[in-house]
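Full structure from sequences and hints, please.
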Amino acid sequence: MFSIINIIATILIAGGAFFMVTGVVGLLRFPDFYTRLHATGKCDTLGEVLVIVGCMVYQGWSFITIKLFFLMFFIFLANPVGTHAIMKAAYLTGLKPWKKGEERR
Amino acid sequence: MTRSKEHNVGLMLAVFAVLYIFWLLMSACINPLNGHFSPIHIIAGIICAGVVTLLSHDLLITKEGEMTLAKTFRLIAYVPWELWQIFLANFDVAYRVLHPKMPIDPRIIEFDTSLRSDFALTTLANSITLTPGTITIDIDPGKGRFLVHAIAKKPADALLVDKTMINKVAHVYMEEA
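As you go down the protein sequences, you meet chains A and B in turn. Note that the numbering used here has the first sequence beginning at 130, numbered continuously upward. Note that the numbering used here has the second sequence beginning at 43, numbered continuously upward.
Hints should not be assumed to be uniformly reliable.
[As the list claims (entries may be wrong)] List time: in silico PhoX-like cross-link candidates among lysine-lysine, alpha-carbon distance up to 20 Å:
1) B:Lys-195 with A:Lys-225
2) B:Lys-185 with B:Lys-143
3) B:Lys-185 with A:Lys-217
4) A:Lys-217 with A:Lys-228
5) B:Lys-196 with B:Lys-143
6) B:Lys-113 with B:Lys-196
7) A:Lys-229 with B:Lys-205
8) B:Lys-143 with A:Lys-228
9) B:Lys-143 with B:Lys-113
10) A:Lys-228 with B:Lys-113
11) B:Lys-210 with A:Lys-229
12) B:Lys-195 with A:Lys-228
13) B:Lys-205 with B:Lys-195
14) A:Lys-229 with B:Lys-195
[Said to hold, decoys possible] So the derived list for chain B, only partly shown, Cβ under 8 Å to chain A, looks like this:
15) Ile-63
16) Leu-67
17) Gln-127
18) Ala-131
[As the list claims (entries may be wrong)] With the C-beta cut set under 7 Å, the calculated list includes, among others, these residues of chain A facing chain B:
19) Val-154
20) Cys-172
21) Phe-203
22) Gly-211
23) Thr-212
24) Met-216
25) Tyr-220
26) Lys-225
Simulated from the structure, these hints should not be mistaken for lab results. Heads up, the beta-carbon is just placed ideally off N, CA and C, and yes, glycines get one too.
Encoded structure:
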């Protein structure tokens, strides 16, 4: 089963997994809430999309491919809105952003 | 009066068609590839799409805007650039996360745009959140004022000085930048 399709799909899904892991590392390393949101909110977008495109390549041309395509489309719409909503909620409750040189929280 | 009613029926038909085509794609109840055909899904789709159309036909397409078609084409032309920016954003964040010294210098910036329409403001806000190092915190729609959290100086300057993205969004929605 070492066809070219399988290899491309594996590379894409592995790339997606790499970005998801990077997001988690950022969540642990970054100093405060806002910067952690940068790590998770951005790495998720490309991570998920690469995994989905990998699944599309693996699946070939069928209805499932179309469903996966719509899934990708909705992630592109929902991800920034969700990130923005969490950030705005934190800002409105008065959480002070971390500045360079301060201690991490 | 009759004219707006006619327009309303046409609008409902358009919304119904969009919803029903989406239902057919999602339920895969007519599949030419393997000859699958299931009438119960088709009828259920008509009922569901009909109910949703009756309840919310005025939400999907609010009013007839000017030059909607041209704006749609410009939006489609804008998407590849945006995808490229998302790609860069992820490498940018991955670099900042994995660099041993963690080169971040967060700040909150504020800037005014002359964009006013809801679609233009939403597109710009989402684009800012998706592109490298910046997340929209708040918008004042009346003044077109954006409050943005930037992770370092460079992405903040990209918004404050370059204004590439603002100009591109203004071009898509045909507003003054």
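Each hint tested on the structure:
1. A threshold of 20 Å between alpha carbons decides the hint, and for B:Lys-195 with A:Lys-225 the separation of about 18 Å falls inside it, so the pair holds.
2. In summary, the hint linking B:Lys-185 to B:Lys-143 is not supported, as the alpha carbons are separated by about 39 Å, beyond the 20 Å threshold.
3. At roughly 18 Å between alpha-carbon atoms, B:Lys-185 and A:Lys-217 fall within 20 Å of each other, so this suggested pair holds.
4. About 18 Å separates the Cα atoms of A:Lys-217 and A:Lys-228, which keeps this hinted pair within 20 Å; it holds.
5. Annotation: proposed proximity of B:Lys-196 to B:Lys-143 holds, straight-line Cα distance about 17 Å (limit 20 Å).
6. At roughly 31 Å between alpha-carbon atoms, B:Lys-113 and B:Lys-196 are farther apart than 20 Å, so this suggested pair is violated.
7. This hinted pair does not check out: A:Lys-229 and B:Lys-205 have alpha carbons roughly 25 Å apart, beyond 20 Å.
8. Proposed proximity of B:Lys-143 and A:Lys-228 is supported: the alpha carbons are some 15 Å apart, at most 20 Å.
9. Restraint check for B:Lys-143 and B:Lys-113: the C-alpha separation of about 44 Å exceeds 20 Å, so the hint is violated.
10. For the given pair, A:Lys-228 sits about 40 Å from B:Lys-113 by alpha-carbon distance, which is inconsistent with the 20 Å threshold.
11. With a C-alpha separation of about 32 Å, the suggested pair B:Lys-210 and A:Lys-229 falls outside the 20 Å cut-off, and the hint is violated.
12. Taken as a hint, the B:Lys-195 and A:Lys-228 pair is honoured in the structure, with Cα atoms around 12 Å apart against an allowance of 20 Å.
13. For the proposed pair B:Lys-205 and B:Lys-195, the alpha carbon gap of about 15 Å is at most 20 Å, so the pair holds.
14. Between A:Lys-229 and B:Lys-195 the CA atoms are separated by roughly 11 Å; this keeps the pair inside 20 Å, and the hint holds.
15. Checking B:Ile-63 against chain A: minimum C-beta separation of about 11 Å lies over 8 Å; hint violated.
16. Checking B:Leu-67 against chain A by beta carbon gives a least distance of about 5 Å; that is within 8 Å, so the hint holds.
17. A cut of 8 Å between beta carbons decides the hint on B:Gln-127: the least distance to chain A is about 11 Å, and the hint is violated.
18. Taking 8 Å as the C-beta contact cut-off toward chain A, the hint placing B:Ala-131 at the interface holds, the least distance being around 5 Å.
19. A hinted interface residue such as A:Val-154 counts as satisfied when its beta carbon comes closer than 7 Å to some beta carbon of chain B; here the least separation is about 5 Å, so the hint holds.
20. The beta carbon of A:Cys-172 is positioned within 7 Å of a beta carbon in chain B (closest approach about 6 Å), and the interface hint is therefore held.
21. Given the 7 Å rule on beta carbons, the hint for A:Phe-203 is violated: about 12 Å separates it from the nearest Cβ of chain B.
22. A cut of 7 Å between beta carbons decides the hint on A:Gly-211: the least distance to chain B is about 9 Å, and the hint is violated.
23. Given the 7 Å rule on beta carbons, the hint for A:Thr-212 holds: about 5 Å separates it from the nearest Cβ of chain B.
24. Annotation: interface hint on A:Met-216 holds; nearest CB of chain B at approximately 5 Å, less than 7 Å.
25. Interface restraint check for A:Tyr-220: the shortest CB-CB distance to chain B comes to about 5 Å, inside 7 Å, so the restraint holds.
26. Checking A:Lys-225 against chain B by beta carbon gives a least distance of about 10 Å; that is not within 7 Å, so the hint is violated.
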